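Line by line, the protein sequences are chains U and R. Residue numbering for the first sequence follows full-length UniProt numbering, starting at 1 and increasing by one per position. Residue numbering for the second sequence follows full-length UniProt numbering, starting at 1 and increasing by one per position.
These aren't lab readings, by the way, just hints derived from the structure by calculation. This one's a predicted model, so the numbers in the text were calculated from it and none came from an experiment. Check each hint, because a few of them may be wrong.
Label pairs and their in silico Cβ distance ranges [to be verified]: (1) 449/R to 10/U: 35 to 43 Å; (2) 225/R to 23/U: 29 to 37 Å; (3) 475/R to 9/U: 51 to 59 Å; (4) 197/R to 58/U: 15 to 23 Å; (5) 36/U to 254/R: 43 to 51 Å; (6) 23/U to 230/R: 33 to 41 Å; (7) 58/U to 476/R: 18 to 26 Å; (8) 36/U to 241/R: 27 to 35 Å.
Every residue, glycine too, gets a C-beta built ideally from N, C-alpha and C.
For reference, the chains in residue letters:
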Amino acid sequence: MTGSSLSPQELEQRLVEMGFVEGARVEILHEGTIRRDPIAVRVDTITIALRRSEAMAVIVE
Amino acid sequence: MTTASLRLALVGAPNTGKTSLFNRLTGSTQKVANYPGVTVERKSGSFTTPEGRSVTVLDLPGTYSLRGRSPDEEITRDIVLGRFDGEAVPDLVLCVADATNLRLTLRLVLELKRIGRPMLLVLNMIDIAKRRGVTIDLERLSQELALPVTTAVAVRKGGVDDLLKRTDEVMARAQEAQAANQWTAPSISDLKAAQREADRIIAAAVTLPTKPDTLTNRIDAVVLHPVWGLIILALILFVMFQAVFSWAQPAMELLSDSFSTLGQWVHDVLPESWGLLQSFLQNGVISGVGSVIVFLPQIIIIFLFILLLEDFGYMARAAFLMDRIMGGAGLHGRAFIPLLSSFACAIPGIMSTRVIDNPRDRLTTILIAPLMTCSARIPVYTLIISAFVPATRVWGWINLQGLVMFGLYAAGITSALTVSAIAKFFLWRDHAPAPFMLELPDYKVPRLRSIAIGIFNRAKAFLYRAGTTILSMMVLIWFLASFPTAPVGAEGPAINYSFAAMIGHALEPLLRPIGFNWQIAVALIPGMAAREVAVAALGTVYSIEGGKEAAEQIGQVLAQKWTLATALSLLVWYIFAPQCASTLAVIRRETGSAKWMVVTFVYMLALAYVASLLTFNLARALGIN
Numbered sequence: 001m002t003g004s005s006l007s008p009q010e011l012e013q014r015l016v017e018m019g020f021v022e023g024a025r026v027e028i029l030h031e032g033t034i035r036r037d038p039i040a041v042r043v044d045t046i047t048i049a050l051r052r053s054e055a056m057a058v059i060v061e
Numbered sequence: 001m002t003t004a005s006l007r008l009a010l011v012g013a014p015n016t017g018k019t020s021l022f023n024r025l026t027g028s029t030q031k032v033a034n035y036p037g038v039t040v041e042r043k044s045g046s047f048t049t050p051e052g053r054s055v056t057v058l059d060l061p062g063t064y065s066l067r068g069r070s071p072d073e074e075i076t077r078d079i080v081l082g083r084f085d086g087e088a089v090p091d092l093v094l095c096v097a098d099a100t101n102l103r104l105t106l107r108l109v110l111e112l113k114r115i116g117r118p119m120l121l122v123l124n125m126i127d128i129a130k131r132r133g134v135t136i137d138l139e140r141l142s143q144e145l146a147l148p149v150t151t152a153v154a155v156r157k158g159g160v161d162d163l164l165k166r167t168d169e170v171m172a173r174a175q176e177a178q179a180a181n182q183w184t185a186p187s188i189s190d191l192k193a194a195q196r197e198a199d200r201i202i203a204a205a206v207t208l209p210t211k212p213d214t215l216t217n218r219i220d221a222v223v224l225h226p227v228w229g230l231i232i233l234a235l236i237l238f239v240m241f242q243a244v245f246s247w248a249q250p251a252m253e254l255l256s257d258s259f260s261t262l263g264q265w266v267h268d269v270l271p272e273s274w275g276l277l278q279s280f281l282q283n284g285v286i287s288g289v290g291s292v293i294v295f296l297p298q299i300i301i302i303f304l305f306i307l308l309l310e311d312f313g314y315m316a317r318a319a320f321l322m323d324r325i326m327g328g329a330g331l332h333g334r335a336f337i338p339l340l341s342s343f344a345c346a347i348p349g350i351m352s353t354r355v356i357d358n359p360r361d362r363l364t365t366i367l368i369a370p371l372m373t374c375s376a377r378i379p380v381y382t383l384i385i386s387a388f389v390p391a392t393r394v395w396g397w398i399n400l401q402g403l404v405m406f407g408l409y410a411a412g413i414t415s416a417l418t419v420s421a422i423a424k425f426f427l428w429r430d431h432a433p434a435p436f437m438l439e440l441p442d443y444k445v446p447r448l449r450s451i452a453i454g455i456f457n458r459a460k461a462f463l464y465r466a467g468t469t470i471l472s473m474m475v476l477i478w479f480l481a482s483f484p485t486a487p488v489g490a491e492g493p494a495i496n497y498s499f500a501a502m503i504g505h506a507l508e509p510l511l512r513p514i515g516f517n518w519q520i521a522v523a524l525i526p527g528m529a530a531r532e533v534a535v536a537a538l539g540t541v542y543s544i545e546g547g548k549e550a551a552e553q554i555g556q557v558l559a560q561k562w563t564l565a566t567a568l569s570l571l572v573w574y575i576f577a578p579q580c581a582s583t584l585a586v587i588r589r590e591t592g593s594a595k596w597m598v599v600t601f602v603y604m605l606a607l608a609y610v611a612s613l614l615t616f617n618l619a620r621a622l623g624i625n
């Protein structure tokens with residue numbers, strides 16, 4: 001359960017399109033004012049802003 | 001050498017400088033239109049290659065893949081695949097990549113290769129990449145991708161020379177470069193495989209600097225800070241509003257004076273016996289179009305700020321900061337700037353909703369933009385408030401007149417957010433809200449030439465509308481206010497004998513429950529041209545002579561003729577009523593159908609009527625008369 005309004009397939013597809021793939025280095029750079037949402041995440045060489053509800057689907061080791 | 005023009009399609013991910021490249025290639029030859037049946041902008045232009053090939057460029061909407069999950073992205077997909085009715089398949093696909101950031105674009109390149117069209121990859125912003133210490137082995141990259149690759153600096157003169165040369169080379173060998181279309185919608189595992197392949201190619205051909213660029217990170221540490229970020233955003237908005245209202249003022253006054261001088265000159269030049277033509281030109285055409293063109297300085301300043309902030313990379317940050325705050329009302333973070341612009345005028349606000357990718361979010365924003373208190377309401381508010389609200393102080397320090405003005409603004413904002421929440425619930429209940437997921441591009445120094453072209457295109461679109469749709473509405477409103485003409489020896493102003501007066505009288509029974517008399521009903525009709533025109537129209541129906549200083553006199557007359565309940569009801573009416581033909585015309589154009597224009601008109605009218613009815617009756621019940 002991710003809390004996103006998207007279906008798991010659609011969400012995965014969008015995340016992959018934004019560069020969230022296995023092996024990518026991710027780091028949270030900034031957090032929003034209200035309930036620390038949305039967040040800005042560094043994915044290898046790109047910075048992506050997204051809501052926590054979607055970011056929950058990303059597994060970080 | 002062919003005589004027919006080559007068709008080139010520009011494809012690329014967002015933030016790759018595709019628009020700057022398009023501006024550099026096509027300069028002033030650009031044409032902006034809409035694709036048939038959808039609200040997506042079709043931008044085309046042309047240039048000539050060194051060997052004399054004439055090339056037509058189509059700037060396709062930015063996309064991360066050919067999957068086509070929004071109307072914009074579907075257009076990109078259908079055009080490159082040659083599936084779009086009325087658009088020929090491009091002879092050459094020019095894929096634009098940000099040289100500082102190849103990761104996402106290379107995956108798109110791998111996907112585009114499968115369509116089998118002749119293709120050229122251009123690494124844009126190569127100057128910034130070099131400065132950051134990114135080295136790209138072009139030969140290796142070209143080899144790995146099996147594609148011709150070139151570099152460009154779209155924002156510099158001569159920065160696309162190599163690109164032009166390569167276009168000739170690629171087109172000379174276009175036959176060989178053509179292959180069968182093998183594209184199918186990629187599955188998740190295809191996407192991942194493509195991204196791995198892209199990452200492998202980058203590892204082979206690109207050397208990243210050992211020390212990454214930290215300037216963007218350092219700026220973001222402040223600009224995206226939970227507290228400082230919001231303060232900076234507020235400061236930027238404050239400056240923007242100051243600029244819109246104070247810098248634009250002299251230019252607006254100059255325009256307004258010029259139009260009235262021109263109108264007077266036409267009036268004086270024409271013989272008195274041509275009274276009808278005189279009135280048509282002076283009151284219909286010149287003052288009608290003038291009342292809209294007066295907003296041009298504000299529109300230029302708003303777009304100057306919007307384009308500067310967009311080019312700098314700040315817009316995505318503003319959306320990030322506001323997403324959660326706007327999200328409560330069902331609005332997307334990106335709706336923030338369009339709604340803000342609507343405080344000056346709903347027209348540029350609605351035009352700038354193009355930054356919102358999701359069509360439903362965009363439509364909601366368009367629907368509520370006219371509820372923001374635009375500057376044309378200010379003259380009406382000022383007139384009524386100064387005539388009816390005493391300038392006393394509440395709790396010793398708050399000016400009551402100012403408080404009422406603030407209340408009107410607050411009512412506009414509250415109702416806009418409420419309407420948005422209701423629209424989300426009723427219209428889009430079955431649709432999942434668009435997720436907020438966007439790239440925060442590295443900051444870049446804004447390039448003035450590109451911004452100038454952007455402003456020029458916006459101003460042209462606005463003037464074109466003022467010259468066509470808006471002009472025809474103005475003429476209609478003038479006609480209603482002027483015909484039939486007053487009989488010889490008639491008393492009172494001529495407008496009292498016109499269709500407008502007849503409509504006013506006919507509407508009076510409908511408007512009586514909300515406290516409006518027939519004079520107000522008559523004034524509301526020319527007030528459809530632009531809200532502030534109602535002030536002058538009230539002056540006309542109450543036969544008050546005079547130019548600019550008349551407003552004070554009108555106020556005095558109104559204070560005698562209306563009850564306070566009527567005045568409050570009219571104030572509330574102006575918060576909601578769709579009293580602006582130009583806005584409705586822009587909604588029609590931007591949504592591509594009359595349907596949403598009618599929806600806007602009906603819902604705003606209903607809101608206005610109900611709110612005024614409540615206000616009038618409540619005021620009377622409380623004994624305010």
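Here's how the hints hold up against the structure:
At about 39 Å, the CB distance of residue 449/R to residue 10/U agrees with the hint of 35 to 43 Å. For residue 225/R paired with residue 23/U, a C-beta distance near 31 Å keeps the hint of 29 to 37 Å intact. For the hinted restraint 51 to 59 Å between residue 475/R and residue 9/U, the CB-CB distance of approximately 55 Å keeps it satisfied. Evaluation of the 15 to 23 Å hint for residue 197/R and residue 58/U yields a pass: the beta carbon distance comes to about 21 Å.
The beta-carbon spacing between residue 36/U and residue 254/R, approximately 49 Å, falls within the hinted interval of 43 to 51 Å. Distance hint check: the CB atoms of residue 23/U and residue 230/R are about 36 Å apart, consistent with the given range 33 to 41 Å. One distance hint, 18 to 26 Å for the beta-carbon pair residue 58/U and residue 476/R, is violated here, with the actual separation near 57 Å. Checking the proposed 27 to 35 Å range against residue 36/U and residue 241/R shows it holds: the Cβ atoms sit about 29 Å from each other.
This entry does not satisfy hint 7, going by the numbered hints stated previously; all others are met.
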